[in-house]
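Enquirer: Produce the complete structure using the sequences and hints provided.
In order, the protein sequences belong to chains W and L.
Just so we're aligned, residue 30 is where the first sequence starts under my numbering, counting upward by one.
Just so we're aligned, residue 88 is where the second sequence starts under my numbering, counting upward by one.
Take the hints with a grain of salt, since some may be wrong.
Unchecked claim - Here are a few chain W residues that face chain L, going by a calculated C-beta distance under 8 angstroms:
no. : residue
1   : Gly71
2   : Leu74
3   : Gln77
4   : Asn81
5   : Val84
6   : Thr125
7   : Gly129
8   : Ser130
9   : Glu132
10  : Gly136
To be verified - Cross-link-like lysine-lysine pairs, in silico, BS3-like; alpha carbons within 30 angstroms at most:
no. : chain 1 : residue 1 : chain 2 : residue 2
11  : W       : Lys73     : L       : Lys109
12  : L       : Lys155    : L       : Lys192
13  : W       : Lys107    : L       : Lys155
The set of hints was computed from the structure by calculation and includes no laboratory data.
Values in this document were obtained by computation on a predicted structure and should not be read as measured data.
Virtual Cβ for every residue (Gly too), placed ideally from N, Cα, C.
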Amino acid sequence: EAGVAQSPRYKIIEKRQSVAFWCNPISGHATLYWYQQILGQGPKLLIQFQNNGVVDDSQLPKDRFSAERLKGVDSTLKIQPAKLEDSAVYLCASSTRTSGSYEQYFGPGTRLTVT
Amino acid sequence: GENVEQHPSTLSVQEGDSAVIKCTYSDSASNYFPWYKQELGKRPQLIIDIRSNVGEKKDQRIAVTLNKTAKHFSLHITETQPEDSAVYFCAANSNYQLIWGAGTKLIIKP
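Expert: In structure tokens, the structure reads:
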């Protein structure tokens with residue numbers, strides 16, 4: 030089966046600019062996650078979708094980050110305006126179910142550098 | 088909230104020796120404990136997981152043990168090989184999501 034797709038793979042922007050990331054999960058996976066992984070740390074969940082509904086976005090900095098999954102398939106994550114501390118790898122993952130107790134399949138990630 | 092602590096942060100072992108990575112969790116309702124391996128510049132991938140109804144699970148050279156009473160679980164890698172070099176993350180489920188440890192960088196010395 031095809032894996033989780035993400036684009037772009039790399040992005041360099043200046044602070045205060047905006048950026049958007051795209052994710053296409055594995056076909057049929059209802060649950061989609063966006064993680065932020067800062068160098069040397071574990072993934073931090075930003076937002077979790079079940080189909081096109083939000084399950085958890087408690088750690089999403091809503092003043093600058095937004096995410097949507099309008100048709101319950103693809104998802105986009107946006108940052109506006111970006112800060113230096115947003116430099117990280119943004120990982121998208123998908124899973125068959127939303128309970129948190131099933132394997133999560135990760136995409137290759139988008140490495141964001143904010144200068 | 089739920090917390091997962093992972094030790095050590097870096098582990099260096101001689102090729103062929105065993106490696107053990109330990110994690111503790113705080114949510115007594117957690118019942119799923121996966122381990123992910125992340126090679127440099129690559130995505131995390133599941134290598135083994137364990138559910139709370141078993142105490143140990145093995146898959147060739149890797150094994151995971153779980154002590155629910157003490158709220159800790161461990162990853163054991165035997166006969167380590169160069170390709171085992173990576174960062175390993177433990178995690179525990181809590182409230183429909185996974186809580187991740189900070190990771191252990193495993194270095195295999197030739």
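Enquirer: Taking the hints in turn, state whether each one holds.
Expert: Okay, the hints, checked on the actual structure:
| no. | hint | result |
| --- | --- | --- |
| 1 | Gly71 | 4 angstroms, holds |
| 2 | Leu74 | 6 angstroms, holds |
| 3 | Gln77 | 6 angstroms, holds |
| 4 | Asn81 | 16 angstroms, violated |
| 5 | Val84 | 6 angstroms, holds |
| 6 | Thr125 | 13 angstroms, violated |
| 7 | Gly129 | 4 angstroms, holds |
| 8 | Ser130 | 4 angstroms, holds |
| 9 | Glu132 | 5 angstroms, holds |
| 10 | Gly136 | 6 angstroms, holds |
| 11 | W/Lys73 to L/Lys109 | 20 angstroms, holds |
| 12 | L/Lys155 to L/Lys192 | 25 angstroms, holds |
| 13 | W/Lys107 to L/Lys155 | 39 angstroms, violated |
When the structure is compared with the earlier hints, violations turn up for hints 4, 6 and 13 and for no others.
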